[in-house]
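Engineer: Residues per chain, in single letters:
Protein chains: 2
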Amino acid sequence: MEVKSKVWLERKGKLFLGMGRVMLLKTIRETGSINKAAGKIGMSYRHAWSQISFAEKNLGKPLFVRNKGGSGGGGTTLTSYANELLKKFEKLQREEEAFVNKRFKEIF
Amino acid sequence: MEVKSKVWLERKGKLFLGMGRVMLLKTIRETGSINKAAGKIGMSYRHAWSQISFAEKNLGKPLFVRNKGGSGGGGTTLTSYANELLKKFEKLQREEEAFVNKRFKEIF
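Sequences listed follow chains B and F, in order. Position 45 (the first sequence) corresponds to 56 in my numbering; numbering is contiguous. Position 33 (the second sequence) corresponds to 44 in my numbering; numbering is contiguous.
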């Protein structure tokens with residue numbers, strides 16, 4: 012018997028940050044591109060875009076910045092707000108998982 | 012911004028106890044009938060039966076007993092194992108929720 016759990020954030024009754032979007036945002040941070048991130052995760056660009064765009068609208072704050080031009084052809088970076096949000100969310104998630112696993116062993 | 016979370020139990024990689032089945036088992040306990048419980052939840056008898064029957068097979072332990080005959084026409088009661096399982100699961104769930112809410116306020 013194993014215990015499983017998940018944590019997500021909602022605003023106005025709608026999901027804006029859960030495991031899927033966290034993974035997407037982190038992969039955008041790694042690759043510097045929504046397109047590359049979507050490809051790596053196996054998601055269409057359109058779907059990736061709509062996920063983040065929905066989260067941004069729901070939050071009312073930008074999560075990423077498109078850098079135009081330059082020799083590298085620009086790229087996408089996360090805003091410091093998005094980085095902070097990811098950091099906090101992952102901290103909460105790690106703590107929750109550790110708590111649930113510990114209490115599961117004790118109770119069951 | 013609100014935090015949401017859920018906890019469930021798996022065995023052999025498959026869900027056997029989550030919020031839905033907990034509610035179903037508790038309603039069977041209250042009503043003494045799978046049929047009445049299904050109706051109260053708004054689920055077909057067939058679906059309710061398959062949910063519990065799957066959980067029983069996965070666990071390898073009976074969760075309810077059908078009492079035959081008598082003037083009241085029998086009825087369905089939960090096994091003491093099922094009662095114990097519900098008690099433990101709800102304890103874990105309450106503690107997890109309290110933990111997540113507390114840490115969410117502190118971190119965010």
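Rather than coming from a laboratory, the hints here were simulated on the basis of the structure. Wrong hints could be hidden among the right ones.
One copy or two, it doesn't matter: identical chains are merged, so the pair holds either way.
30 angstroms max Cα-Cα, derived DSS-like pairs, lysine-lysine [as the list claims (entries may be wrong)]:
{"no.": "1", "residue 1": "LYS79", "residue 2": "LYS15"}
{"no.": "2", "residue 1": "LYS116", "residue 2": "LYS47"}
{"no.": "3", "residue 1": "LYS51", "residue 2": "LYS116"}
{"no.": "4", "residue 1": "LYS37", "residue 2": "LYS72"}
{"no.": "5", "residue 1": "LYS25", "residue 2": "LYS51"}
{"no.": "6", "residue 1": "LYS116", "residue 2": "LYS99"}
{"no.": "7", "residue 1": "LYS113", "residue 2": "LYS51"}
{"no.": "8", "residue 1": "LYS72", "residue 2": "LYS113"}
{"no.": "9", "residue 1": "LYS72", "residue 2": "LYS116"}
{"no.": "10", "residue 1": "LYS37", "residue 2": "LYS99"}
Engineer: Going through the earlier hints one by one, which of them does the structure break, listed in rising order?
Structural biologist: 1, 2, 3 and 7
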